[in-house]
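Fit chain E to the supplied structure of chain F, relying on the hints for placement.
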Amino acid sequence: MMSTKYLSQKIYSSFIELIIILATALLIAIIFNSIRSNYIPLFGFSSAAIIKEQQAKIPTITLSEAYDLYLKNKIIFIDARDPFSFEEGHITGAINIYPDEAPLQAQSLKVKAKQGFVFATYCDGPQCPLSKETAHALTLRGISTVKVFVNGWSVWLNAGYPVSKGKK
Amino acid sequence: MKLLNFPRPFLPVFALICRLALAIIFFYAGIEKAINPIDFAVAIYNYRLLPDYAINFVAVFLPYLEIIIAISFIIGINVRGAALLSTLLFLTFAIALTINLARGLDISCGCFGATSGNINWFYLVRDFFLFCISLIVLFYDRGWRYFFD
Chain F
1 MMSTKYLSQK
11 IYSSFIELII
21 ILATALLIAI
31 IFNSIRSNYI
41 PLFGFSSAAI
51 IKEQQAKIPT
61 ITLSEAYDLY
71 LKNKIIFIDA
81 RDPFSFEEGH
91 ITGAINIYPD
101 EAPLQAQSLK
111 VKAKQGFVFA
121 TYCDGPQCPL
131 SKETAHALTL
141 RGISTVKVFV
151 NGWSVWLNAG
161 YPVSKGKK
Chain E
1001 MKLLNFPRPF
1011 LPVFALICRL
1021 ALAIIFFYAG
1031 IEKAINPIDF
1041 AVAIYNYRLL
1051 PDYAINFVAV
1061 FLPYLEIIIA
1071 ISFIIGINVR
1081 GAALLSTLLF
1091 LTFAIALTIN
1101 LARGLDISCG
1111 CFGATSGNIN
1121 WFYLVRDFFL
1131 FCISLIVLFY
1141 DRGWRYFFD
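If you're matching them up, the sequences are chains F and E in order.
The numbering used here numbers the first residue of the first sequence as 1 and each following residue consecutively.
The numbering used here numbers the first residue of the second sequence as 1001 and each following residue consecutively.
Keep in mind that a hint or two might mislead.
Claimed, not checked - Which bits of chain E does chain F cover? Going by a derived footprint, with three or more residues having C-beta under 8 Å, they are:
#	segment
1	1001-1008
2	1024-1036
3	1039-1052
4	1055-1063
5	1081-1091
Stated by the list, open to error - Beyond 10 Å from chain E on every Cβ pair, some chain F residues (computed):
#	residue
6	S14
7	A29
8	I35
9	L63
10	E87
11	K110
12	Q127
Hints in this document: simulated from the structure, not taken from any laboratory.
The C-beta atom is built at its ideal place from N, Cα and C for all residues, glycine as well.
Next up, chain E with everything else stripped away, as it sits in the complex:
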């Protein structure tokens, strides 16, 4: 096995780093949420955006979605789909955060499980940053094959 296209050209390598960073973030966030579905459901409820019947479903589904996205990113299969989902997720989180920051609600972020800190503008900036990283992965990732012969 030979190493190809490394460390240049720049963009695919940068996209690879972004992809792996996202994988770690999603994996950690997913596990933290999956451990405690009840608390996460309460965190979602506190956002006051979803109807009651949808809250539990999101609380059960979202953690595993994040874990599957992380696994896709690490293994390098379905990367474009995962990146697209990740982009959409960060966009959704950004909207939810913005609405509640504008409302002035002092609620738990729920970003990395229910015990993560209360929402503030920094979280929105962080979310936007991750959104940009997802876009880079979406457009420039070339998969593992590109680097190994």
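Next up, chain F with everything else stripped away, as it sits in the complex:
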């Protein structure tokens, strides 16, 4: 009899603890979600919008268009390769954004987008998926002026246009 009472008390206290944790997590989730920059609405998920974005083809940019904008200082190149390849050589002025890092950089790029810059993501090789992934991740975050510079690194290098080495 004693042990049943003890057991039921244990179960009861476990449920109380469970509710405390749920309530704390809910409170913190709501507070953090409302103060953070990449806030999402608590209810309502537009699956139609997501599907549309997933299917949307991201436009490409050719070498001559890219170079033209480069001379006018209207383009920001985004190197979607890993940091080591970036250090070994990249288009002058490019910033290194691996697909995973895109969400972290989206906010600062948005500011640049408002200033009228076009973004061109590139990696190495015609089949390389990284440039498309970074471009897709940025588009998903509301940056509309992203274009994929297919096989960008090789094409740019072969054309003899300016490249840099190092972290910057």
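For chain E alone, coordinates are given in the frame of chain F:
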């Protein structure tokens, strides 16, 4: 402060190790998900199990729940409640994984943030393993007090 009941008896020490391991796993998983609620929402959507209006809510709530569970495990407060929740969570994940593996959907797991790999049977085994660890914590954990005088 004196160390008590260490390294024997075996079960409470084993439960302590399990608890701390779970804490690390939950903390990492929670942070990875919390960084990117949009991507995590898409990962949840891809599971095709929840109605649209619930997706964002889960995407916002679940990461912080995991972090709070991790903190409870580390500090050692509300451990039984946290272990109960952890057990239920792993059970839910197992059901969601099984349904989609059976459906044959090739989707991102979303286990540790949106960029974790696509679902496969190994993930289900891993989930079951973590479920068992949660049960051990639920039944055998004695808290920090048990080890320190």
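Tested hints:
1. 1001-1008: This one is violated; 0 residues, fewer than the three required, reach chain F with a Cβ under 8 Å.
2. 1024-1036: holds (count 3)
3. 1039-1052: Holds: 5 residues of the segment 1039-1052 of chain E have a Cβ under 8 Å from chain F.
4. 1055-1063: holds (count 7)
5. 1081-1091: Satisfied; 4 residues make the cut.
6. S14: 4 Å, violated
7. A29: 4 Å, violated
8. I35: Holds, since 12 Å exceeds 10 Å.
9. L63: Check passes; 31 Å lies beyond 10 Å.
10. E87: Non-interface label on F/E87 holds, nearest chain E Cβ at 23 Å vs cutoff 10 Å.
11. K110: F/K110 clear of chain E: closest Cβ-Cβ about 14 Å, beyond 10 Å.
12. Q127: 20 Å, holds
The structure shown violates the earlier hints numbered 1, 6 and 7.
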